[in-house]
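Novice: In case you want the letters, here they are:
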Amino acid sequence: MDTATEKTLIKDLKINMKALGIPAGSAEIFTEKIISGVKKSIKSKNIITEQDLNRFVIAEAKKYNTDLAYVYKIHDKII
Amino acid sequence: MSFFASLEIVFLAMLIHAFLQLVPSVFTIFYHYASGKKSSRVADDFSIFYILGVEFFSVLMFILIYLLFFNIFIGEINLRSTVFPWIMAGVLVALAILSFFAYFKKGRTTELFISRKIARQLTASAKNVKNRSDAFVLGLTTGVFELIFTLPLYILATTAIMEIDNFPRQIFGFLYIIAVVAPIMVYLVLFRRGYNLAEIERLRIKNKTFFRTIETIGYLVLACVMLIGF
Numbered sequence: 014m015d016t017a018t019e020k021t022l023i024k025d026l027k028i029n030m031k032a033l034g035i036p037a038g039s040a041e042i043f044t045e046k047i048i049s050g051v052k053k054s055i056k057s058k059n060i061i062t063e064q065d066l067n068r069f070v071i072a073e074a075k076k077y078n079t080d081l082a083y084v085y086k087i088h089d090k091i092i
Numbered sequence: 396m397s398f399f400a401s402l403e404i405v406f407l408a409m410l411i412h413a414f415l416q417l418v419p420s421v422f423t424i425f426y427h428y429a430s431g432k433k434s435s436r437v438a439d440d441f442s443i444f445y446i447l448g449v450e451f452f453s454v455l456m457f458i459l460i461y462l463l464f465f466n467i468f469i470g471e472i473n474l475r476s477t478v479f480p481w482i483m484a485g486v487l488v489a490l491a492i493l494s495f496f497a498y499f500k501k502g503r504t505t506e507l508f509i510s511r512k513i514a515r516q517l518t519a520s521a522k523n524v525k526n527r528s529d530a531f532v533l534g535l536t537t538g539v540f541e542l543i544f545t546l547p548l549y550i551l552a553t554t555a556i557m558e559i560d561n562f563p564r565q566i567f568g569f570l571y572i573i574a575v576v577a578p579i580m581v582y583l584v585l586f587r588r589g590y591n592l593a594e595i596e597r598l599r600i601k602n603k604t605f606f607r608t609i610e611t612i613g614y615l616v617l618a619c620v621m622l623i624g625f
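Those sequence lines, one after another, are chains A and B. When the first sequence is numbered by this note's numbering, its final residue is 92 and no position is left out of the sequence of numbers. When the second sequence is numbered by this note's numbering, its final residue is 625 and no position is left out of the sequence of numbers.
Any given hint might turn out to be false.
[Claimed, not checked] DSS-like mimics (lysine-lysine), calculated; alpha carbons at most 30 Å apart, straight line: (1) Lys-75/A x Lys-433/B; (2) Lys-512/B x Lys-75/A; (3) Lys-52/A x Lys-432/B; (4) Lys-75/A x Lys-432/B; (5) Lys-512/B x Lys-46/A; (6) Lys-90/A x Lys-500/B; (7) Lys-56/A x Lys-525/B; (8) Lys-27/A x Lys-525/B; (9) Lys-522/B x Lys-24/A; (10) Lys-86/A x Lys-501/B; (11) Lys-512/B x Lys-27/A; (12) Lys-90/A x Lys-433/B; (13) Lys-75/A x Lys-53/A.
Quick caveat, the hints were computed from the structure, so don't treat them as lab data.
Just need the whole structure built from these sequences, with the hints factored in.
Specialist: Quick look at the structure:
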């Protein structure tokens, strides 16, 4: 995962967690854990699409907060 | 048309309009991201402008239809003596069928009838509301994309309101505009009471069939009222 993608993902995760009412301290820890989990998942892959990345984020987010995972899952399927 | 037939048409149109889902869907995304990027207070502030955008579009539609129907196209022609009720009833039956089979896409989501390209664009716009004018424009454009389902309702409500005598017509216009934003107010209250986007979305998915049924029945009843009452 390149730096720009990582930064965007961190920013997006923080926005979603704040909107979901997850306390700032927990949000910081969750973000770190989700990012490291996603990095591990994509380590062995040469090419990943946006959908793949989204899938890994959902899988990692599910471990810490189901609402966060759900928002990632449905964010482009609300309208 | 009798006073009660006009009243029925206006209230049925209001009811159907209040159950349409595009405006509240965009609102939930917009509010979620606005409160995540800024604060709940700012999101509330932007919400007022989103609501004003939706209201502004509704008022524009009422004025436009009034001008077209009563000043340009028809003038003094009596709507009852034309094929107008039959055309509108046909359109309403078609919309009832569309509401039932195509308003929501299949699956456990609240994806709507609009094209995926427009849906993506609306989602992106809702996520990136930066100021009050963005929120206002978003409300206004969302109203435009729902026109396929709302235009007949605006036409019927305007013509029914214009047929009302011995009663201040503005009250019905005002009530209609309130009904248009009623679902947004409901979601706003839910957000303020601590519900988040995930919970609201689960609630909407759970009630998808209910929304669809109300819309379908509403359009069908309105079509009958058109034929009997007009």
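Novice: Run the structure past the numbered hints and jot down the numbers of the failing ones, going up.
Specialist: Checked against the structure, the hints that fail are numbers 5, 7, while the rest are satisfied.
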